[in-house]
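S.K.: Working from the sequences, and respecting the hints, build out all of it.
If you're matching them up, the sequences are chains A and B in order.
Note that the first sequence ends on residue 197 in my numbering; no numbers are left out.
Note that the second sequence ends on residue 585 in my numbering; no numbers are left out.
FYI, nobody ran anything at the bench for these hints, they're computed from the structure.
Treat the hints with caution; some may be incorrect.
[Claimed, not checked] Pairs of lysine-lysine residues, derived as DSS-like cross-links and limited to a Cα-Cα distance of at most 25 Å, are as follows:
1. A/K89 <-> A/K144
2. A/K89 <-> B/K199
3. A/K144 <-> B/K199
4. B/K255 <-> B/K199
5. B/K283 <-> B/K562
6. B/K529 <-> B/K560
[Stated by the list, open to error] Computed Cβ-Cβ distance ranges for the label pairs, DEER-style:
7. A/P49 <-> B/A357: 29 to 37 Å
8. A/V94 <-> B/A200: 24 to 32 Å
9. A/I187 <-> B/D252: 52 to 60 Å
10. B/T476 <-> A/V188: 55 to 63 Å
11. A/P49 <-> B/A247: 42 to 50 Å
All C-beta atoms in this analysis are idealised placements derived from N, C-alpha and C, irrespective of residue type, glycine included.
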Amino acid sequence: MISTTPLLTGLAMALLCIAWASILLPVYRLPLAARVLLIVGITLLLVLPVSGLPGWYYVRGVFGDSSITALFFYSAIILQQYFSWQLFKNDELVLLRRLSLAAALLLYPFALGLTQFDSYRLGYSNLWLLLVILLITLFCWLRKYYFTAIIITAAVIAFTQQLLESHNLWDYLLDPLFIIAVILIWIVPRYQGSTPG
Amino acid sequence: MKAIRLGVLLVIAYGFTLAIPALPAMQKPAFVLPEYSYSNQDSEPLIEEAFISGDLTKEVHSATAIELNNSDIRVFWYGGIREGSKDTSIYSRVLHQTDNSWSDIEEIMTREMVSRDTHRYIRKLGNPVALVREDEIWLFFVSVSVGGWAGSSINLSVSADNGTTWGPVRRLISSPFLNISTLVRNAPLLTETGAVMLPAYHEFLGKFAELLQLDSSGNISNKYRISHGREAIQPTLLPVDATHAITFMRNTSAGQPGKIWFSRSEDSLANWTPLAALTLPNPDAAVTAVQLNTADELLLAFNNHPTERDDITMAYSADNGATWQLLHQFEKKSGPGKEHNPYSYPFLLQTHAGDFHLFYTWKRKHIKHIYFNRPALLEMLSAAGPGS
Chain A
1 MISTTPLLTG LAMALLCIAW ASILLPVYRL PLAARVLLIV GITLLLVLPV SGLPGWYYVR
61 GVFGDSSITA LFFYSAIILQ QYFSWQLFKN DELVLLRRLS LAAALLLYPF ALGLTQFDSY
121 RLGYSNLWLL LVILLITLFC WLRKYYFTAI IITAAVIAFT QQLLESHNLW DYLLDPLFII
181 AVILIWIVPR YQGSTPG
Chain B
198 MKAIRLGVLL VIAYGFTLAI PALPAMQKPA FVLPEYSYSN QDSEPLIEEA FISGDLTKEV
258 HSATAIELNN SDIRVFWYGG IREGSKDTSI YSRVLHQTDN SWSDIEEIMT REMVSRDTHR
318 YIRKLGNPVA LVREDEIWLF FVSVSVGGWA GSSINLSVSA DNGTTWGPVR RLISSPFLNI
378 STLVRNAPLL TETGAVMLPA YHEFLGKFAE LLQLDSSGNI SNKYRISHGR EAIQPTLLPV
438 DATHAITFMR NTSAGQPGKI WFSRSEDSLA NWTPLAALTL PNPDAAVTAV QLNTADELLL
498 AFNNHPTERD DITMAYSADN GATWQLLHQF EKKSGPGKEH NPYSYPFLLQ THAGDFHLFY
558 TWKRKHIKHI YFNRPALLEM LSAAGPGS
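M.R.: Rendered as structure tokens:
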């Protein structure tokens, strides 16, 4: 399990931090050696002990685990921003953004107590939710948005295998930091044309 | 390109073919109703009180208790330099029924232990609640990594030796928003299938009550929302029969002074009635309740004041909470110059023999324990006269 294996959990935290560094800073403008040094530096900060605990324990304490979708997304961001290798096109990013924001709007207000209806509850075992996700995935496949189709499917497989601490499908599909990352990439001008695709 | 297209389709087919049959089956919870022998009915009325939390920590708070399989009572609370300080740990001790003696106080859970097991920085611990499930004790408590109690998450540790040692701590994920702001305060219940119903509440953007359903492995498998908005927290759950349940809750609505909230479910927790106010006041404070020999008879301990936690009072209802009769005041308002909110977080436990143990926070300095047997309760009922 990702959540109970320190190495995998630490790796997931590293993906989060390295990707977020490139979301907050114009990493792609740095020379390759500086980018590699930045990755090494962030990794060291996460591994070295602070008050007896590895740095990534603090990151995890504050932000919790990233969703599977987010881990794939961060990997793609890292490949693009640090190594100029694009995994998906701009129009696929638009689709991913729309899907993520729609899911966030369906999930967070209700999960946080807005109404008696709790959309988070659907994530424990709801066939209809899974079928809707299947339809969205097939739509992505039909439109040749393979990256999105794959990361949604990966999230579903990870949920089936219970790879995270959570037993709720929503936690495999999205998380607040992922949503903020998607929004930032959308609204920050320097990402227009510099992000994957 | 065609190969990629086909490959992606195969991955999708594989993933969803795997997932759909693997969805856990949802079972409607049916409660196991507690049984009481009332073996002490012929004893003399007895009320005893004691401070039980010692002086290991400067402040203590939020005591709860369970009856072990050998009839001993194990109490849990948390303490530290201050309620929210970084040194809070979970403490416990046992009241032995054989000789009515207390064991030494043990620090059973520290933030270092929780940090080690959950691979996270942990700042403080609080609100322990426990359940005896077969030969195990399931201990739930909250931990905070950053910020105040609103940043809490729930943890679970299991003991297979009546609390002498504790297994690895597991984090329960109960909210999609960074998993913060889910807390526990009142006792969990068992269902016929062995699932655990854990009363929980949120106090971040919303302040609302819900029930978490845990399977026999301790994983959250479902949840039920009791209230929404910013009205009610800290539900105390009482089963009326296998599929009916009632709950009393702390009133957090802005329109203070408030009354204790009440809600009822008649369909295995799926739907809860809108919050209804009891006649009893609630100064935004925890309440606790137990059932007597019939599900309709209830005892409730609370602060009987609309704005201050300056008493601990017990009330009785013979009609499942519709009407209440004040029975006994264990703590009274101490007059001018009194401390702010000196008495809080009552927790009432009824043993299988029909005796009662009430625990509450006494001026944040002590956990006070009140023991009273059933004859003492009957005496209180007789002295209180007909209810209103």
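S.K.: For each hint, tell me whether it holds in the structure or not.
M.R.: For each hint, the structure was consulted:
1. A/K89 <-> A/K144: Within the cut-off at roughly 11 Å; holds.
2. A/K89 <-> B/K199: OK: A/K89 and B/K199 at ~18 Å, within 25 Å.
3. A/K144 <-> B/K199: Between A/K144 and B/K199 the Cα gap is close to 11 Å, so the pair holds against 25 Å.
4. B/K255 <-> B/K199: violated (70 Å)
5. B/K283 <-> B/K562: holds (17 Å)
6. B/K529 <-> B/K560: It holds: about 13 Å lies between the C-alpha atoms, which stays within 25 Å.
7. A/P49 <-> B/A357: 29 to 37 Å: 32 Å Cβ-Cβ, so the 29 to 37 Å window holds.
8. A/V94 <-> B/A200: 24 to 32 Å: holds (26 Å)
9. A/I187 <-> B/D252: 52 to 60 Å: holds (56 Å)
10. B/T476 <-> A/V188: 55 to 63 Å: holds (56 Å)
11. A/P49 <-> B/A247: 42 to 50 Å: Given a distance of about 44 Å, which is inside 42 to 50 Å, the answer is holds.
Comparing the model with each earlier hint shows a violation of hint 4 alone; every other hint is respected.
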